[in-house]
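Visitor: Listed below are the residues making up each chain.
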Amino acid sequence: MSEFDSAPRAATIAVLVENEPGILARVVGLFSGRGYNIDSLTVAPVDETGRISRITIVTSGTEMVIEQIKAQLDRLVPVHKVSDLTLEGPHLTRELALIKVVGTGDDRVEALRLADAFRARVVDATTTSFVFEMTGAGDKIDAFCALMRPIGLAEVSRTGAVAIARGPRGLI
Amino acid sequence: MSAATKPASTEAALTMSGAEVVLRALKDNGVEVIFGYPGGAVLPIYDAIFNQNAIRHILVRHEQAAVHAAEGYARSTGKVGCVLVTSGPGATNAVTGLVDALLDSIPIVCLTGQVPTHLIGNDAFQEADTTGITRPATKHNYLVKKSADLARVVHEAFYVAKSGRPGPVVIDLPKDILINKAPYTEAPKTEHRSYRPQTEPDAEQIRKAIALLKHAKKPIVYAGGGVINAGPEASRLLADFVHMTGFPCTNTLMGLGAFPADDKQFVGMLGMHGTYEANLAMHDCDVMLNIGARFDDRVTGRLNAFSPNSKKIHADIDPSSINKNVPVEVPIVGDAGRVLAALIAAWKEDGAAQDKAALTTWWRRIDEWRGIDCLRYRQEGKIIKPQHAVKRLYEITRELGRETFISTEVGQHQMWAAQYFGFQKPNRWMTSGGLGTMGYGLPAAMGVQIAHPDALCIDIAGEASILMNIQEMGTLAQYRLPVKVFILNNEYMGMVRQWQELLHGGRYSESYSAALPDFVKLAESFHAKGIRVTDPADLDAGIREMIAHPGPVIADIAVAKDENCFPMIPSGAAHNEMILGPDQEGGVAGVTDEGKVLV
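As you go down the protein sequences, you meet chains R and G in turn. Just so you know, the working numbering puts the end of the first sequence at 172, numbered straight through with nothing missing. Just so you know, the working numbering puts the end of the second sequence at 1599, numbered straight through with nothing missing.
Source of the hints: derived by calculation from the structure; they are not laboratory data. One thing to keep in mind: the hints can contain errors.
In silico EDC-like links for lysine to aspartate or glutamate, alpha-carbon gap of 16 Å or less [said to hold, decoys possible]:
| id | chain 1 | residue 1 | chain 2 | residue 2 |
| --- | --- | --- | --- | --- |
| 1 | G | K1145 | R | D84 |
| 2 | G | K1208 | G | E1349 |
| 3 | G | K1146 | R | E20 |
Computed footprint of chain G on chain R; a stretch qualifies when at least three of its residues, placed anywhere within it, have a C-beta under 8 Å from a C-beta of chain G [stated by the list, open to error]:
| id | region |
| --- | --- |
| 4 | 19-27 |
| 5 | 60-73 |
| 6 | 78-88 |
Ideal Cβ positions, reconstructed from N, Cα and C, are used throughout, including at glycine.
Chain G extracted, bound-state conformation (with noise of 0.2 Å):
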């Protein structure tokens, strides 16, 4: 990437500072909005912060915010995500918010300063080895040592974090590097000398998933993020392949609004709180397209139970994700989109007419499964059950026709809303899939409200979660960003509280959330509003007021504290083991100790 590349001009490369130089780079690269927070490393990135406008710097509480927050920007907008944090303790807070956007596949480009480069290795003040901390926890990482290569690194970032599986990268900048005057070179025109993803998928695999499909009798498509990362035409694509062929269609947890949750052929989520009708047509299917998905343990339960009957078609960017799991008969290697694409001209022209009389029959087993009605609940009583509390907020969004955008915190609400809330377009779901991160969703909806200044972007979060990082009602405040909080308020962890319950003997160890803030107060404080319901009649009332209110706003709703997830797959158990809901408690029971090991 870097052999073509010379100077700008000779007076750009006397005049500008390092700083300069990485700030001109992120203008080049498209950058508008950098999440940040200084100290001593970065302060000459700061002091070019300081002398322009074309980049808006928004100052977070905590720098683990900075990421999730960078997070949320880029999963809602398609483009990359930007970070500034300072050395030292400035990095280590971020690692969690990296490790968050590895494992989501979220491109994202962090600055970490760094102790000048005559004190590195030396345990200088706030020194932590950045580039050896942040290896595992990024797509790749840089350390700049010399000035001349700091545009050069800067622009190779971004290609990196956006291109292929997108990913977290790290530039670790030491404080003369910043100082000193640096060259501006323009981003390459030539290819990356080894990193090279292949997007256009082989021909000749394509021909074999379409002889694959046009002979199911029990097909299912199971489509995940990597629809979602491959642009919203992706998910469109997706839409027409589904509709010609006539095939069920579920989304992963990460893949929600790659498919419109209204479509009647959408069978919902799968997975461990997937819906019963979803994973029963997995486990039962003859024929699975798997696009932008990678078999997580969260999908697949038992290994050896998964699906065990079915050819597999797995299309991925990353060739790694393919046989890691589950072996498949036929692998793509390539973009969602081009793959997506390519199949739907393959099926055109493939003059192999479909058995529609099998469809038919799936269909009518599928509406079967459907008929079980897996995610019904009660509302009854004086006390409101999250999941109607979820569903009245969706409902209710949904009437009012606003662009909504959703972000959760990790648990039990996590899942509700993934199973309540309807989403029908990509990018307007924001959740920590992979690694799991309680804290993520106040900061990411933050990010999502900065990137959408009129939508309404509303944190699902439960009441142990928000506290994780609920630092950032003052960027809120700051900001005027009206960010809505949502909490269904059970006073427990409610995950934590929901498996002790079925697998540990219902000994509550330390999953009670004990002395919660009065969180009326607490919004208060933040120079927010706070609304409490605790009645199901005041719930939709309370809900309009938060919507109306043009301010950030915490909406702290009590809600039934013993209340289970379900339905759900049991650790080590297959999809035709789910439980569906209190009733068949008892199945847990039965749960092996090679279960109970399984997080």
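One chain only, chain R, in its complex shape (with noise of 0.2 Å):
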């Protein structure tokens, strides 16, 4: 019984559907209408003819909400397989962020210089600003916007999480 009275963790949640008009507007619905919690949703589609979408969503709740969460997405007619990556085994989460940087003189050297570190790469620059592409887990876009924020941080265009399980086995 203790794990529905689990303290809420985190789940990365990956999701295949039959790329249709209205799936999105059917799973955001579900997450709304059963008041569940979404941190960030992606979703494009995957296989070669276009017909097959794959949404990640990373959700957070107890045990049990996760469960029904997963149970939820399935019913959905144009679902075709949910996966819980969290529980499923070590897995590899990645965002893109283009972050830009507004300053002069010193600051201008120092973002570099962090960006560097970080490798997040210059792809776009003015006399005044810069603009970065990195990716990498959430954490680490948040330590970077961190750093850059005194510098001049001034805008932040973030994917959300994509996410996909290590070894050989596929979700299809």
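Once you've looked at the hints, go ahead and assemble the two chains, each given alone in its own frame, into the complex.
Guide: This is the structure:
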């Protein structure tokens, strides 16, 4: 019984769906209608024909809630497969971010030095600004943004997490 | 589902309009009756209906009633109910019925008209975002934007509506799609691409269940609407299993009829207004077998006090129902009939002996609870007790021996019907359990009568609920449907009044049924017979007169105004904190604010 009263945990859930109109509304509506959290959600077609999309949802809840989320997702008619990557073993999570930093003089030098340390690439530059592109786990991007804030962080655009299990086994 | 299908013939592809394709697909999916209401956007379908005889159209008086009628039709036959409404208000009026069917797992396919594709999103006349509005109101929905998809979508809708846990499906049909020529394709033989509900239970889970059940000392079988949805064979298997094991059996509101009410192993309905013996057996049991029920809040009472010492087995076709409210030891995903068949086989195979002595002791305990006779009432004086009215209705229909179907509205009368009308067979009882929709009963009875023209179809109603879809008296007249409306008239929204009395200090805010119509005249104005009974001495005669009349009847039975529905588990209380009757109403005073927030 204890697992049902467990403390909330984060879960990264991969969902393979028919790429049909309204599917995203169905998934999002399920979360809002039943009061579940969405920390991030990404979606794009992933097969060669464009018929299957993969949705990656980062959510959190007690074990009972996470089980419900998975069961509720799985019973949507256009859903092919639901996989709890967090539960099923080691997996990789990546996020892409575009980060605009505005500044002059020493701040620019410091920004570039930090970007180098974080392996962020400069994808746009003016005399007063940079746009950095970086990929990584969410906490790495958080850390980079925190460092950039005093230097002149102007704008951040993030994709939200995508994730995949380690090892040879595929989801499809 | 679509990949393998090709047009049946090139000729058909050229000659049929979209509307004709829709009708052909309905026919090929076994539709004989469609409940609907015309309007601009669906005129092409009405044109196609005009030109054929295979499908009968029943013209209702309001779209909500069309869905409830289709629900009654579906629940009494096991088939998919079919509805046709126009765009905009036609679709929005149908929404209550759709949610009702969703919560009670009733298979419905509802066709809605839509403005032509080039006007979608334009705020056109009678345009509504029907797929948007009905997304959380249905099991699934479709907007058909290409003629080539039409036949496939209709076939798929029927598959989705009836397979797995049944539910309502909406197909939104833009008018140009209905008018343009479209190819007809047969229903595909291949599996659906993504939707394949599990019906066969896992053998290992069955083995675990049997291991628990064999050693149970205080077992109970708790069966719900899933058994009815699994077809009459599932109900037979349920009876076999219960008889084979000697276990007590209780039914949920939706499950009434799944196990014969007369059977000595039946302990009655459970839950908020269930019997004392059913609820205490649930509370005290050591092994609970839930088949096709969902631990609804009306059943469990306070969750942390629900059956605290039992190991629970839960068989459900919908995995999301399992471990939703109540954690269980043995989850079984599968169709109720298949699960019961597997349990019966495994019970026979398992060599372990049952603890018969413990079971005898358990039954002795249950019989003590039965001895309380929680449904007793005293009919005396010049006022008809509502319980007595239902009981006499049951006894008289039983004595007449006619095939009888009962629907209800929602409220006290619904609970009295559930308590005092005994159902021996499945599919004879239509009630709005999940959504609790007042106005359900009359159109549902109408749908049942269409499916069973010679049967006795009675809507046990309250005077407030019946007014919510009273316009359907016109439909009864038009199609000469001899539905009987049996109103327990206490001049109150009785259940609201009861809660106000017990929980809100007797402040009867807006719950009095003022300015009621004269139901006899109302019946007569709709070409039906009206009967009013006020004296207990006239009750039997009134019931017999109602049943004997060949056409529709409203029987307005004046009953005690202040009668409350007991037994009752007050909100936020546990099964063993039931209130048995008025003498214990003080027990409700202990309801906490936490309990009061519960509906």
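Visitor: Hint by hint, note whether the structure agrees.
Guide: Hints, one by one, checked against the model:
1. G:K1145 x R:D84: Answer violated: K1145 of chain G to D84 of chain R is near 34 Å, above 16 Å.
2. G:K1208 x G:E1349: Cα-Cα ~13 Å, so holds.
3. G:K1146 x R:E20: holds, 13 Å
4. 19-27: Per the Cβ count (4), the hint holds.
5. 60-73: With 5 residues in contact (Cβ-Cβ under 8 Å with chain G), the coverage given for the region 60-73 of chain R holds.
6. 78-88: Coverage by chain G holds here, the residue count being 3 at a Cβ distance below 8 Å.
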